[in-house]
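Undergrad: Sequence:
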Amino acid sequence: MDYDMLLGASKNGARNQTLQLKVALVPDRSCWIALPVGLCNQLYSSNCMPPLIFRLAPGAVAGLGSRTSPGGSSAHNFVYVAWGGGTCAQKAAVEVPSGLASCLGLRHGMS
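Under the working numbering, the residue at position 89 of the sequence shown is numbered 792, and the numbers go up by one with no gaps.
Among the hints, erroneous ones may be present.
Just the calculated beta-carbon pair ranges, DEER-fashion [unchecked claim]:
(1) Asn-750 to Leu-807: 26 to 32 Å
(2) Ser-748 to Asn-780: 28 to 34 Å
(3) Gly-808 to Ser-749: 17 to 23 Å
(4) Ser-805 to Gln-745: 28 to 34 Å
Calculated from the structure, these hints are not laboratory results.
Even for Gly, the Cβ is constructed at its ideal location relative to N, Cα and C.
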């Protein structure tokens, strides 16, 4: 699953980055994702403070990829999630509350 770090980092002058992470569903009742500890440390050391918004890259949402718009250009399906500072134990996964994942069309293990 590709995630693009968006708004919070650009407020601080950092460039957007693309990350490869798998989805791990958790029984949390919030709408906040949790990120690997190493990534959280990188964000904090870059002065990127929560909340941060992440964008799911095209093609990762419920098998949907890019589609062609009437003008022939490619349009993409994006999903946006927010990080409030929570960490997860897995190094290559983002933890997503199961209720939120269901609404967004995400499944456990998606990459």
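Undergrad: Determine which of the earlier numbered hints do not hold for this structure and return their numbers in increasing order.
TA: 3
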